[in-house]
Amino acid sequence: MNGMSLGYVLVRSVILIVLLMSAFAYFMVMERKVIGYFQLRWGPVRVGPWGLLQPLADALKMLAKEDAQPLAADGLVFHVAPALTLFVALAAFAVIPLGPALHIGGFLLPLSIANPSTGLLFVLAVASLGVYGISLGGWASQSKYALLGSLRASAQMVSYELALGMAVISAVVLGGSLSLPRLVAQQSLHTWAFIPDILGFVIFVICSVAETNRAPFDLAEAEGELVAGFHTEYSGFRFASFVMAEYINMFTLSALGALLFLGGWNGPFGLGPSVWWLLTKMALYLFLFIWIRVTFPRIRYDRLMQFGWKVLVPIGFLNLIWISVFVVGGGWR
Amino acid sequence: MEKYLDIVIFTVAGALFPLLTVVGTAIIRRRYPDPVKQGAYESGEIPFGDARVRFHISYYIFALAFLVFDVESIFLYPWAVVYLHLSRGLAFGEILVFVAILLAGWLYAWKKKVLTWM
Chain A
1 MNGMSLGYVL
11 VRSVILIVLL
21 MSAFAYFMVM
31 ERKVIGYFQL
41 RWGPVRVGPW
51 GLLQPLADAL
61 KMLAKEDAQP
71 LAADGLVFHV
81 APALTLFVAL
91 AAFAVIPLGP
101 ALHIGGFLLP
111 LSIANPSTGL
121 LFVLAVASLG
131 VYGISLGGWA
141 SQSKYALLGS
151 LRASAQMVSY
161 ELALGMAVIS
171 AVVLGGSLSL
181 PRLVAQQSLH
191 TWAFIPDILG
201 FVIFVICSVA
211 ETNRAPFDLA
221 EAEGELVAGF
231 HTEYSGFRFA
241 SFVMAEYINM
251 FTLSALGALL
261 FLGGWNGPFG
271 LGPSVWWLLT
281 KMALYLFLFI
291 WIRVTFPRIR
301 YDRLMQFGWK
311 VLVPIGFLNL
321 IWISVFVVGG
331 GWR
Chain B
1001 MEKYLDIVIF
1011 TVAGALFPLL
1021 TVVGTAIIRR
1031 RYPDPVKQGA
1041 YESGEIPFGD
1051 ARVRFHISYY
1061 IFALAFLVFD
1071 VESIFLYPWA
1081 VVYLHLSRGL
1091 AFGEILVFVA
1101 ILLAGWLYAW
1111 KKKVLTWM
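Each protein sequence line maps, in turn, to chains A and B. Residue numbers for the first sequence follow our numbering, beginning at 1 and rising by one. Residue numbers for the second sequence follow our numbering, beginning at 1001 and rising by one.
Same shape as in the complex, but just chain B (with noise of 0.2 Å):
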């Protein structure tokens, strides 16, 4: 745990650095606020109306894509790990068994157009 520990403190240190800079420095900043500066930048037009605004579902998808693949690429950790120290056939053909799987599930998302970005 002790090296956790460790971890933890050098990120509070790496924390504390954009912090103390931020704040160190705000003496010789200036500041002069004005309407258009703090508008949002459109390429020098007049913005409209924010930027609250719908995007398109092909991100959401995939998301939901990345989200099972990447669980199921966790399993894979454990596996590998071990592998070395077994390397015998039962262990082989439980990964065959699985990439099949994998590989249906990415068949599976590419046949309903879910990996096509439209």
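The following block holds chain A by itself, in its conformation from the complex (with noise of 0.2 Å):
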């Protein structure tokens, strides 16, 4: 690798990670609105027009605000733990593919960092690794609360990572590759995977509302119990840190369902392939990431653990077994 093409990748990801942020921010007012509308109010109209500006002036509220740390933290786990969740969260969206390579006058530009063959195994692998930051976070506070909130946000992810990864599986036993572009290309020869697996698309959009702690699965940071959970004591933009890893996850999460089970950036009826179908896609995604938590209540955290093992990942296996049988039947040629 030369110096021109690092540079290169360099651009690019310099690109994404603003893009992301960007995204990130406004998906918080598109939340906040929605939420808002949900209920009868405004949601934020204060800060520029329709409350557009509304982002600019949180982030620079987080990143003024005084870094507070309780004595009893164990200093060097309490400062990494924030930052190693959000560099979990951003380094599993190298590997998402946005869309087909665009061809600009000439010049290849491929919408992922990178497009290994092994992809979404290692989009799997690297956002697993989220609950480390989590853990270690609420641990290193010395707070009850916080503690309470990291244990229950571990034992949350690692059950609810199960029946992903068997909603997943599905998915690749019907694009016979763990290449996520390719999984795309089979869905376009085929029809959407979520036709034959609707099963294995449920289970994945509860399991990406859960592994996100989002209500109504967001028993790690429930205030009516925990105060905020695993980031009761951090502040500033430790705090934002967390929140970003949060909502990078669910982009991550709402790409991957995306590309999985919705056909990626192949168009409905028959339309071309664009980047916009997948963003499309993508934001209806989001949408129903928060139409869920204006919905329902937050469930109790023994129904949630039952919920997890005892509903969905027997589901998930019997889903697999009907995956492969459809498979067999020749349903897929």
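Please keep in mind that the hints were generated in silico from the structure rather than gathered at the bench. It cannot be assumed that every hint is accurate.
[Claimed, not checked] Straight-line C-alpha distance at most 25 Å; calculated PhoX-like pairs for lysine-lysine: (1) A:Lys310 to B:Lys1113; (2) A:Lys61 to B:Lys1037; (3) A:Lys310 to B:Lys1112; (4) B:Lys1037 to A:Lys65; (5) B:Lys1111 to A:Lys310; (6) A:Lys61 to A:Lys33.
Since each chain sits alone in its own frame, please combine them into the complex, following the hints.
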């Protein structure tokens, strides 16, 4: 690798990070707006026209806030944990392709940082490291609320990761590859994977809500009982890191859901492939996240674990059998 | 291998982002240390003891159960990749046996009340 291509990757990396950060900022506005309208109020309207400058104000506030740290906290781990969470969330996005490579004047612009043949495995492996940042952050804070929140988060995330893995495997069976572009290509040959694999898709949606610790599965930060869960003692930019990581994980999982089950960048009704299709599907998926959040009350912790282990895991196994029957029966050719 | 090098470059850039932001904005941040502020937050009460407390054994058991099933599900990935290209009786029979063993383990865990939150 020479300096030229190194610089090229670096430029694309910086662009992607900036894109992810602005997407995070404006998704926050969208979320607050949507929740506002669901609850018959306006959401943010004060900063800028229609509240559109709200993320700038929030970012400025977060950066200027005092970086408080409990005296009893484990200094090194306390500082590393939020950075680790954010770093892992960003790294998982590296192999997500946002569309087919663009040709701009004979110049090939791939829409992912890298496209290894085991991309899907890489996303899952890196995304599951996210639990470290959360559990370490809660432990290092030396606060009982934070410790309980991080314990809950770890137990919940590992439990739902299992069912998530089962749903992903069923999509891999239909695609016959671990490379995300090839999974999309396979779906353009046949039909979108969620049609035979609707159970897998539903499991994937439920688990993606649980994996990102979003309501109604936000037991890790249940404000009614644990104040703020694992980030109780965090403030300022370190707190913002946890929030950013949560939202970037949502982007990763929504992109993964769209790529695996919803045909990726293929258009519906035989319309041609485009980046915009994938972005539309991601936006709808993210809207679903918000919709679920405003609709369902938080479930009890024992119910959460039982639902994961006694409902989602066996359905995931049986769905795998159904998909293999479907493939053996020639349903895919 | 080059593809993975690209990922490394991206992750380094991703790691630098939180680092530079924290360091770069240190000028506009003030620090007013205060013993109350630097204590653990316990809903406004005076905190007692530290957080190195015993916690529920269930978390540990769930972690063990997860480990077992996660390692087993790793074996499913190679099968899933080639299944479409084999797609005949033998591979199907193998997955039936494998999932049956998984389900047996899962039922055993249920019977032993591992999956029940106590």
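Exercise. Provide an ascending list of the numbers of those earlier hints which the structure does not satisfy.
Key: Per hint list: zero violations.
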